[in-house]
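Engineer: Here is what each chain is made of, one letter per residue.
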Amino acid sequence: MSRAIYFAFTYISICLWGALAAAQANAPVCLNGNLDQNQKLIESFEQSGDPLVLAFKSSLKGQSQDNAACACTISSPASNQFNQLDSLAQALTPQIAKMNISPPPPSKFNRECLVAAMKRHPGQAGYTCEYPKKTTKNENPKQTTAIKYGKADEKNGQCVTNQYVDYMKFALDSAYDCISPSNGPLDARSLFKKFNNETGFNNTVAWKGGIGLGQLTTLAVRELTDKQGGGNCTDIIKEIASSDKKSCAPFKHIAQKDLKNMPVISPKNYCAWVSPGDGLARTLMLSTAYNRCVRDRYIIPALKGRGDGELAKNQDVVNILTTISYGRGSIKEAFKLMQKFRLNNANDIKKVMASLPEESPYVRETNNKFHEMYCIKKNLIPGSKECDKKMKLTPEEESGALCAQ
Amino acid sequence: MRPIVMLGLFLFSTLALAEPKHLNDFIKESQKLRKELAQEKSFSNKLIKIQSLEKELKVTIEASEKAHPEKGPDAEIKVYSFMLSLKPVTEIITKKPTPDECKKARHRVSFEDLGTSPDNTPLSPEAQEATAWIDLLCS
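Chains A and B, in that order, give the protein sequences.
Using this note's numbering, read the first sequence as starting at 1 and increasing by one per residue.
Using this note's numbering, read the second sequence as starting at 1 and increasing by one per residue.
I should point out that these hints are in silico values taken from the structure, not numbers from a laboratory.
Incorrect hints may have been included.
To be verified - The calculated DSS-like cross-link candidates involving lysine-lysine, where the alpha carbons are at most 30 Å apart (straight line), are:
(1) A:K133 - A:K252
(2) A:K340 - B:K96
(3) B:K32 - A:K304
As the list claims (entries may be wrong) - Chain A stretches covered by chain B per the calculated footprint, using a threshold of three residues with CB under 8 Å from any CB of chain B:
(4) 103-112
(5) 191-198
(6) 230-236
(7) 336-344
Claimed, not checked - Which chain A residues face chain B? A few, computed with CB under 10 Å, are given here:
(8) V115
(9) Y131
(10) R292
Quantities reported herein were computed from a predicted structural model and do not represent experimental measurements.
Cβ atoms here follow ideal geometry from the backbone N, Cα and C, with glycine treated the same way.
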């Protein structure tokens with residue numbers, strides 16, 4: 001009798017332990033080290049029915065089906081991931097179920113670097129978004145109610161889960177694939193370093209200095225979307241609006257809408273910029289397009305005007321000047337440095353390339369934040385002596401080549 | 001004694017003449033030109049004046065480039081910045097401008113000057129001067 005009770009007890013204990021372990025495995029883990037209770041961003045992401053979120057979930061559906069078809073043995077950590085994907089696939093909304101399974105875009109951005117970058121704290125005010133409380137007849141409501149959660153720091157910063165990192169990677173890869181021209185690809189390394197510098201890939205940041213992932217400003221938005229107002233790069237957004245590329249699908253409706261009415265940056269419509277669905281899609285689309293705009297409409301023509309065209313073909317020169325244009329001095333700063341260093345074909349380009357980072361506070365800041373990201377990646381505290389001494393980046397690491405291809 | 005005084009005077013005057021104009025000198029000159037043109041009705045007369053100002057800036061920069069072939073001094077880069085601000089004006093406004101051309105020129109001056117700066121950041125003095133020229137040419 002006592003042996004039966006012993007076995008029953010053991011059986012129940014094993015079951016309970018299993019259930020507990022399963023629950024723990026499914027509980028969201030804050031990868032960025034922020035407080036577990038700061039779940040508003042994740043809730044908003046999970047509730048979002050915006051095209052970018054749906055496209056991501058649809059790509060998971062494909063992944064999940066591929067996994068289900070696989071007869072191989074799944075190891076423990078992979079099994080957890082599989083369970084997460086599977087449960088997500090099962091909980092797909094009818095909208096996703098209707099969507100065709102789409103393969104994820106080609107991978108350009110490294111996930112490990114992304115996780116480390118997302119552990120950084122930009123420190124400016126952050127907002128999460130909710131659906132408006134009053135429901136309307138609108139069949140496709142948007143998350144338009146912005147709620148300030150405070151500074152995007154350790155205390156108030158929003159929890160970022162494994163799945164949100166996957167989503168961010170999907171969003172970045174999609175925007176890159178959609179906007180980068182095949183005959184002159186954008187420099188993914190510069191884009192990674194820019195987003196890392198501006199916000200640490202935190203799409204919830206909004207303040208007077210800029211909005212969303214790439215910290216856009218009104219003048220930059222006008223340049224891309226407002227032809228009537230003098231915008232010089234609206235054709236890039238037009239190209240997205242009419243693109244047949246699969247990767248452009250989550251951005252098309254935003255491109256079409258923004259070309260009709262230039263989106264305004266104001267606290268009244270912060271969610272148009274910082275919501276995890278359309279907000280992230282908008283800022284990613286415009287920030288990536290901005291890189292292309294500055295490079296192709298300003299930097300390359302200016303370099304062509306200074307020599308026989310060879311300088312404009314030098315990717316390193318083009319990329320660093322494009323990065324300099326993101327700084328406080330804007331494009332003019334890059335033009336002034338071209339003049340200061342007599343940037344023409346006769347110059348010693350290597351010497352000039354070594355001097356340019358010293359001259360641009362923005363490039364210095366970008367490199368410092370990138371170093372910070374590497375320290376986090378190697379479990380060193382940013383700003384600590386250890387981080388400063390031990391973490392000497394190799395030229396390859398410094399270029400960003402290990403974080404984006 | 002007299003030849004030494006003469007030589008000194010010659011050297012002094014040569015050096016004084018060689019001293020290039022600074023940004024502030026050009027801004028003052030530009031403001032003066034605009035003031036003179038305030039009542040001017042002929043568009044082409046206004047255009048000629050801004051083009052001549054641009055030419056003067058170019059000559060100053062070219063002289064500095066010759067004097068400093070390796071690296072441009074700060075004074076030159078400041079003057080160059082003014083030329084950069086005026087460039088969209090004379091590039092976009094080549095004949096009596098349409099309202100769209102005026103908007104385009106105004107946006108480009110602002111965008112190149114502070115496209116990435118926080119909203120409501122004031123334009124640099126040279127971009128402000130370029131915008132004032134757009135107002136004049138578009139009036």
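Engineer: For every hint, state whether the structure bears it out.
Structural biologist: Verification of the supplied hints:
no.: 1; hint: A:K133 - A:K252; result: holds, 28 Å
no.: 2; hint: A:K340 - B:K96; result: violated, 35 Å
no.: 3; hint: B:K32 - A:K304; result: violated, 35 Å
no.: 4; hint: 103-112; result: violated (count 0)
no.: 5; hint: 191-198; result: violated (count 0)
no.: 6; hint: 230-236; result: holds (count 3)
no.: 7; hint: 336-344; result: holds (count 5)
no.: 8; hint: V115; result: violated, 27 Å
no.: 9; hint: Y131; result: violated, 28 Å
no.: 10; hint: R292; result: violated, 14 Å
Hint compliance for this structure: hints 2, 3, 4, 5, 8, 9, 10 are broken, all remaining hints hold.
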